[in-house]
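Participant: Construct all of the structure, not just a fragment, from the sequences and the given hints.
Those protein sequence lines, which keep their order, are chains P and H.
The opening residue of the first sequence carries number 1 in the working numbering; numbering runs sequentially from there.
The opening residue of the second sequence carries number 1001 in the working numbering; numbering runs sequentially from there.
Honestly, I wouldn't trust all of these hints.
Taking lysine-lysine and the DSS-like style, the derived pairs with C-alpha atoms no more than 30 Å apart in a straight line are [stated by the list, open to error]: (1) LYS1165(H) with LYS105(P); (2) LYS1165(H) with LYS32(P); (3) LYS1073(H) with LYS268(P); (4) LYS149(P) with LYS105(P).
Coverage of chain H stretches by chain P, computed from C-beta distances (three or more under 8 Å per stretch; other residues unrestricted) [what the hints assert, rightly or not]: (5) 1045-1059; (6) 1071-1078.
Each pair of labels, with its calculated beta carbon distance range [what the hints assert, rightly or not]: (7) GLN1136(H) with THR45(P): 38 to 46 Å; (8) LYS1206(H) with GLU39(P): 34 to 42 Å; (9) PRO1159(H) with LYS268(P): 43 to 51 Å.
Please keep in mind that the hints were generated in silico from the structure rather than gathered at the bench.
Heads up, the beta-carbon is just placed ideally off N, CA and C, and yes, glycines get one too.
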Amino acid sequence: MNYQVNEKGYYGEFGGAWIPEMMFANIDELQKRYLEIIENDDFKTEFNSLLKDYVGRPSPLYYASRLSERYGSQIYLKREDLNHTGSHKLNNTVGQILLAQKLGKTRIIAETGAGQHGLATATVCALKGLQCVVYMGALDVKRQESNVKKMKMLGAEVVPVYSGNQTLKDATNEAMRDWISNPGDTHYIIGSVVGPHPYPDMVARFQSVISAEMKTQLLEKTGSELPARVMACVGGGSNAAGAFYHFLDHPEVELIGVEAAGKGIETKETAATLAVGTPGVLHASKTYLMQNRDGQITEPYSISAGLDYPGIGPLHAHLFKTGRARYLAATDEEVLQAVLLLTRLEGIIPALESAHALAALEKITLRPDEATVVCLSGRGDKDMQTYLDYFGY
Amino acid sequence: MNIENRINQLFRKKDRNIFSVYFTAGYPRLHDTAAIIELLEQNGVDLVEIGIPFSDPTADGPVIQRSNDAALKNGMSLELLFEQLAKVREKVRIPLALMGYFNPVYQFGVERFCRRCRETGIDGVILPDLPLEEYQEHFQPFFAENNLHNILLITPQTPDDRIRKIDAASSGFLYMVSSSSTTGTGKKVEDFHREYFERVHDLQLKNPRLIGFGISDRATFENACRYANGAIIGSAFVKSLDSSDPLEQVIARFAAEITGRR
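Facilitator: Below is the structure:
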């Protein structure tokens, strides 16, 4: 089975570039040039140097001994939360800002949900001195206030979006409208493995450093570069794509993505696209969507702003359809318990998004002699208000 | 046997100043669809684009976003739209096109959609996020079998060789997007587009062209008509429907403003 994108931008039956003609010139340029640019030796040297000295990579692979004891198994955490700006998002924005410069673009736009991608974009724009506009649902602006302040301090303009549910989907719509209106000078840094080809592949490649490092670190710590399984949370699915990437062709490694069940996949308040969705076309990609029978996109819900998206990257749709990866879902309640568990057992306060992967440890069978890697995609600083309100400190 | 498509008939009889109007089905009220079409015809409109509302209209500006949201809240769906249009051909003779985003059509079933269009008397379809390549690879026969034009867009960024490719794959007319913008954003059709309009004119394309996006009043309409066979007005018309006056008055006033006819 092939898990790479084909020349038309498809993973099996999913993906493509369902763009209006207004976006053709920009997408066509990206499709024709992205591989030549990012495979270039000078580009790689600069990218890797920034990953090392600016992002702070490699991120540690930490053997979580008390968590392992609790589950009677061997659990490793891939510490993307220790990256500069607090999540895996910076891996992608560093890559895309270098690409934008090669394309001669001077203005950067981005969408953001939890604010982690917006923050990572504002950060690299400050680093390279480029103008930055971040679209963010008005509801998310409220619930992720600290990230909004950081973006503004970094010099980005944060535009609240009042349409729809005022969350990530609506921010993405507005960023696409901006790009349609500003095709010449602007590059759109999409934050996940979603959108038209080549974004899903390009973002997965930039994030694949996560699994590349895991292999080296596992070999050193366990004597084998292959774990029994890799687990990661999935909204659009960029940290999962990065964590799965170099294990895709090793069928003996079990891959588990964890979606946001919200208040439960049997309720209407959920963001678990693969659990409740059907194939369709949104944001220029053919993939699973949460939609009604008329093809209208339904509003997702999750306690975590970063997973609050009614679609999923086409790579994950393909891994789901072919059975290469398994997708579970964790409810808000389960996630908050997982947050507290990690905090008290390991002294690490995780982001709400990342805690979905941790919550799924309760849902699978773990054997004593197996190594499981959980991608801890981000830290919990941005979620402190939610935690304080819920736990009552 | 196919009767001649009404869009072809229109362009055969009239090659200048074609006055085309877009509105969103289900807005402002759920059951105004047929009345709006009839009134547009009575007031001299040559071609009507009936918008299929979508939850995420990424190529549209605020006015059409709002009309889409309101129409969906009112309960509009593609199934209901076809029901509302079932008897439209008893009264209306001008060509009609359906315009919307791909996903609702995809969920309805593209083949079934094309068949229903033919049964209803629809002459063309405009789906901005159905790219040329996907259309040709998967859907073209459904349109051809049902005597239905798939209207494709060109923009100021479309390279000449692609414009020729789109022209070759098109029938009916080309939807010429006036500038780099979403709909209804107030970027006006002004002199700086002349280079693009003249470049397209010089390509000697086989299809007639209508200019859309940024056409909002008589001045922009007349200017667009200098460079193409006519123009399409969307947001400005949708906005005029916000009025509390009766539809008859609103539409007569709007048409008179654009054409200068009384």
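Participant: May I ask which of the numbered hints given earlier this structure violates, with the numbers listed in increasing order?
Facilitator: none
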